[in-house]
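> Below, each chain spelled out in residue letters.
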Amino acid sequence: MHSIRKIKDSFMSKLHSVVGIFNILIVILIFIFILFNSLSFFKDYPLSKFFFGTEWISLSGKYGLLPLLVGSFWVTVVALAISIPVGIITTIYIAEFANKKTKKILKIIIETMSALPSVVLGYLGLYVLSGFIKDTFQLTSGLNALTGGIMLSFMAIPTIVSLSDDALNALDKSYREASLALGANKLETVFKVLLPAAFPGIFAGIMLGFGRIIGETMAVLMITGNAPIMATSPLSPVRTLTATIAAEMGEVVQGSQHYYALFAIGLVLFAISFLTNSIADKYIRKSRKLMGK
Amino acid sequence: MKFLKGNSGAAIELFIKVVALMTVIPIFLILGYIIYKGVPAISWDFLTEVPKRGMRAGGIFPAIVGTICLTLGTIAVSVPFGVFTGVYLVEYAKDNLLTRIINLTIINLAGIPSIIYGLFGMALFVIYFKLGVSILSGSLTLGIMCLPVIITATREALLAVPNSLREASLALGATKWETISKVVIPAALPGISTGVILSISRAAGETAPILFTAAAFYLPFLPTSIFDQVMALPYHLYVISTQVPNMPQSNMHGTLFVLVFITVGFNLIGAYIRNKFEK
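Protein chains in written order, with the UniProt record's numbering: chain A, 1 to 293; chain B, 1 to 279.
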């Protein structure tokens, strides 16, 4: 009896380690599969033509990445231009001005926002927002980077608010008290003391929000117009990196150059998300260290 | 920054309040729109019939069943792995290079775009393991996607359990595993289940990972095994709103409502549990 308990105990200990290590394996596997399939593409398609090519026309074997990067760029610019100021101001209200009950309700509402599936945002963009954008700017179609960016700001705001709120809450009480004791009013305290002190956490939130925007697929596939062109304004239809994979993978011949080209886009996305997350993680650590936690 | 004082200071405060309000108004408009348009489209027939005439008539029963299958599959994959990893990180692992690498991989798993999971799931499960486009491939793909949320939730919940509980159990002669399984995990259960519910709500609404691993365009019957393709609500909404011409509005609104009801509903349940157990 006694020894069975011991054996069970050590078995469980080993099992947990194995499962823990298994996670590393998954990330490595994801990377390897994306990498190897991309390498098959770069074997017969020159790197420079991929990264600096200005045309993505899969029918004629032209796989230039730039128009897709431009598409992702405009969508991201619009989404961040909305979500950064709105997110930070909302956080200031939640963290510093709202009473306890309002705070709780606001946080639940904003969390609900992040629960909306991206295909739902795409649907609303397609049938509600795009008509409005079309009429407002007198365009022939409301499906463009602006419409996509507005819808995607809904996905970034919850991320930015939640991390910024954590960062502000983590600040020691002494910051507020010292500032107020020196005669600063509440706004001065918020803008001159608390926000700068919480900057690492807020910046991490912005980076993760950026990651959500750049990686979002269904909404941009549905509402950005699907035109892989070198757009010069957000009012132009565009096509993002993610939407290209989603739109073309379904019809591609497995093992063809086109098939591998889509994995090459995947590799670029993987690299962007890896970089974004590493930076965000670095700033989260910094913010925790500042708070002495 | 003189403007922060006096009258303009009050104006800035008002501005902050207005922006915060404006942030939450869209979500009410969106939910209001979905309920207003969706509820009249819902009927018993719509929920229990198969789609007919190229999806332009009939109901969404196979899509609901498909989403349930994929969600259950996702839970079966991600909960054991996620919880075990969380337990490992908090209860067993020491702070060394290995745990730091595991933490880094979890952070990066969380940030990988969902379409990359789709690509990976297709390359590994569908093609390499020859599981085909199936419930199994889709569940494995979604399950891996959900891992980071569940691991993080488990870790936070376990860290919140006071050490005195562990010490008391060990002092009474329980082994480490007995302590973990009978004392620590039950105490951390609300936190863990919140993480599980939130990740399920996300998985149920995801489209990109199942595009090439599980979802069928039009399949007016139910799956018979885990190696079958299925219709799924999010993919069905995508298909009927972009790929099928002359689709009746009521079908789209009904599907939209059911999908949002499930995902937002799960999310609110998760929020409720967390609020209830938070001190």
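Derived by calculation from the structure, the hints in this document are not laboratory data. Some clues are possibly wrong.
Simulated crosslink set (DMTMM-like; lysine to aspartate or glutamate; CA at most 25 Å straight-line) [to be verified]: (1) A:LYS8 x B:GLU167; (2) A:LYS100 x B:GLU91; (3) A:LYS14 x B:ASP95; (4) A:LYS62 x A:ASP44; (5) A:LYS14 x B:GLU156; (6) A:LYS192 x B:GLU13; (7) A:LYS107 x B:GLU91; (8) A:LYS173 x B:GLU156; (9) A:LYS107 x B:GLU278; (10) A:LYS286 x B:GLU156; (11) A:LYS14 x B:GLU178; (12) A:LYS173 x B:GLU167; (13) A:LYS104 x B:GLU156; (14) A:LYS173 x B:GLU278; (15) A:LYS101 x B:GLU167; (16) B:LYS17 x A:ASP44; (17) B:LYS17 x A:ASP9; (18) A:LYS104 x B:GLU178; (19) A:LYS103 x B:GLU13; (20) A:LYS282 x B:GLU156; (21) A:LYS101 x B:GLU278; (22) A:LYS6 x B:GLU13; (23) B:LYS37 x A:ASP172; (24) B:LYS94 x A:ASP281; (25) B:LYS94 x A:ASP9.
> Now, for every hint given, state plainly whether the structure supports it.
Outcome of the hint check:
1. A:LYS8 x B:GLU167: holds (20 Å)
2. A:LYS100 x B:GLU91: violated (34 Å)
3. A:LYS14 x B:ASP95: holds (17 Å)
4. A:LYS62 x A:ASP44: holds (12 Å)
5. A:LYS14 x B:GLU156: holds (22 Å)
6. A:LYS192 x B:GLU13: holds (15 Å)
7. A:LYS107 x B:GLU91: Cα-Cα ~31 Å, so violated.
8. A:LYS173 x B:GLU156: holds (23 Å)
9. A:LYS107 x B:GLU278: Holds, at about 14 Å.
10. A:LYS286 x B:GLU156: The hint holds at about 19 Å.
11. A:LYS14 x B:GLU178: Holds, because 15 Å separates the two Cα atoms, which is no more than 25 Å.
12. A:LYS173 x B:GLU167: Violated, because 32 Å separates the two Cα atoms, which is more than 25 Å.
13. A:LYS104 x B:GLU156: holds (20 Å)
14. A:LYS173 x B:GLU278: OK: LYS173 of chain A and GLU278 of chain B at ~21 Å, within 25 Å.
15. A:LYS101 x B:GLU167: The given pair, whose Cα atoms are some 37 Å apart, is violated under the 25 Å limit.
16. B:LYS17 x A:ASP44: violated (57 Å)
17. B:LYS17 x A:ASP9: violated (55 Å)
18. A:LYS104 x B:GLU178: violated (37 Å)
19. A:LYS103 x B:GLU13: holds (16 Å)
20. A:LYS282 x B:GLU156: holds (19 Å)
21. A:LYS101 x B:GLU278: Between LYS101 of chain A and GLU278 of chain B the Cα gap is close to 14 Å, so the pair holds against 25 Å.
22. A:LYS6 x B:GLU13: violated (62 Å)
23. B:LYS37 x A:ASP172: Roughly 48 Å between the alpha carbons, so the hint for LYS37 of chain B and ASP172 of chain A is violated.
24. B:LYS94 x A:ASP281: Given pair LYS94 of chain B, ASP281 of chain A holds - Cα atoms ~20 Å apart, limit 25 Å.
25. B:LYS94 x A:ASP9: Roughly 17 Å between the alpha carbons, so the hint for LYS94 of chain B and ASP9 of chain A holds.
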